[in-house]
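Protein chains: 2
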Amino acid sequence: MKYCSTCGHPVEQRIPEGDNRHRYVCISCEEIHYQNPRIVAGTVPVWEGKILLCRRAIEPRYGYWTLPAGFMENAETTVEAAMRETMEEALAEVVVDGLYSIIDVPHINQVHMFYRASLKDGRFGAGEESLESRLFDLADIPWGEISFPTVRKTLELFVEDVKNDSFGVHIDDIRRPMSATSKTG
Amino acid sequence: MKYCSTCGHPVEQRIPEGDNRHRYVCISCEEIHYQNPRIVAGTVPVWEGKILLCRRAIEPRYGYWTLPAGFMENAETTVEAAMRETMEEALAEVVVDGLYSIIDVPHINQVHMFYRASLKDGRFGAGEESLESRLFDLADIPWGEISFPTVRKTLELFVEDVKNDSFGVHIDDIRRPMSATSKTG
Ligand SMILES: [Zn+2]
Ligand SMILES: [Zn+2]
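These protein sequence lines are chains A and B, in that order. Counting from 1, one number per residue, gives the positions in the first sequence under the UniProt record's numbering. Counting from 1, one number per residue, gives the positions in the second sequence under the UniProt record's numbering.
Among these hints, one or two may not hold up.
In this list, chains with the same sequence are indistinguishable; a pair is considered to hold if it fits within one copy or across any two.
[Stated by the list, open to error] Cut-off 20 angstroms, straight-line C-alpha distance, at most; resulting in silico cross-link-like pairs (EDC-like, lysine to aspartate or glutamate):
id, residue 1, residue 2
1, 2, 30
2, 2, 12
3, 2, 31
4, 163, 48
5, 120, 97
6, 50, 156
7, 163, 19
Hint data in this document are derived by calculation from the structure and do not stem from the laboratory.
Whenever a hint applies, use it, and build me the whole structure from the sequences.
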């Protein structure tokens with residue numbers, strides 16, 4: 001951020017009065033431009049005991065498998081965001097069964113939230129950001145080609161919970177850089 | 001938003017190629033300036049069966065009682081944000097017991113998250129944004145002077161769960177305008 005989005009004059013970094021953090025503050029109109037984490041919302045879509053994954057048609061992680069998920073938009077709820085992303089990326093209508101995982105990723109200022117979901121009628125496809133979508137048996141999840149640590153973590157938790165037939169809400173965080181963990185798979 | 005925060009030229013609202021929503025796009029450098037919901041994180045701080053509430057020293061809702069909560073900052077987790085806000089507003093160190101409520105408030109582009117917590121040593125006070133802090137018996141919660149609908153909802157759920165001695169994670173949303181509900185007392 002270099003310029004004030006309200007008046008177009010330059011901003012500087014300083015600690016505003018009564019605050020304890022550096023903020024971008026406009027040198028002309030004095031507006032404080034706060035920056036906050038973003039939510040990524042998605043689903044774990046299930047159909048007849050299989051999980052629907054999408055193969056990414058965009059960077060980062062082009063060609064890798066992911067759960068359908070993306071940035072939450074203004075004016076929607078987290079559930080709506082998760083359902084919308086599932087429709088956009090996997091062309092699948094889902095019924096949401098419950099919140100499943102919340103994974104903080106503080107070094108990239110994101111919070112990832114996944115909902116458990118069931119395909120409504122078994123139909124799915126490849127949205128514009130996907131090369132393909134496919135239903136995987138839990139034993140056949142392509143662990144070596146998973147897109148992101150939060151997706152991997154959520155899938156690991158899910159496989160474990162299916163074994164135990166018990167689905168709680170999982171709170172976790174991933175603090176190491178994505179580039180490091182994404183190579184361990 | 002009127003000006004591009006990257007180059008200082010004006011922005012216009014249009015639907016970028018491959019998108020389906022209006023965005024602020026710079027007419028000069030073409031950067032797309034996305035806007036996303038913000039997370040408000042807080043705690044339900046308990047000590048010897050009582051709940052710690054803070055009376056707000058700032059607008060909006062000056063003088064009303066609230067759970068300690070505030071906007072999550074970059075580079076922290078939701079738990080860290082909730083603990084930080086509890087320290088800032090109630091001068092209380094807490095141990096977090098678990099996620100309690102996630103309440104979407106789509107008309108103001110916010111997601112509120114509250115964690116169940118216990119005071120570490122029973123000490124608390126009034127931070128700069130609080131007139132005072134006080135421990136309330138559940139029977140004495142000042143329902144007529146609660147600050148925000150998400151705080152009211154979380155307190156209602158908590159009182160109910162204490163009765164049943166069962167604390168799950170509650171997902172909910174509040175869609176009506178705050179100004180309407182805040183008058184119902
Ligand atoms: Zn300005
Ligand atoms: Zn620009």
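Right, here's what the structure says about each hint:
In this homomeric assembly, residue 2 and residue 30 come within 20 angstroms of each other (Cα to Cα) both inside a single copy, at 14 angstroms, and across copies, at 15 angstroms. Taking the shortest Cα distances, residue 2 and residue 12 sit within 20 angstroms of each other both inside one copy (8 angstroms) and across copies (18 angstroms). For a Cα distance limit of 20 angstroms, the shortest separation of residue 2 from residue 31 qualifies both inside one copy, at 13 angstroms, and across copies, at 13 angstroms. When the C-alpha separation of residue 163 and residue 48 is checked against a cutoff of 20 angstroms, the pair qualifies only within one copy, where the shortest distance is 15 angstroms, while the shortest distance between copies is 38 angstroms.
Taking the shortest alpha-carbon separations for residue 120 and residue 97, only the intra-copy value of 12 angstroms comes in at or below 20 angstroms, while the best inter-copy value is 35 angstroms. Proximity of residue 50 to residue 156 under the C-alpha cut-off of 20 angstroms is restricted to the intra-copy arrangement: shortest distance 14 angstroms within a copy versus 38 angstroms between copies. Taking the shortest Cα distances, residue 163 and residue 19 never come within 20 angstroms of each other, neither inside one copy (48 angstroms) nor across copies (40 angstroms).
The structure is inconsistent with hint 7 alone, although it conforms to all the rest.
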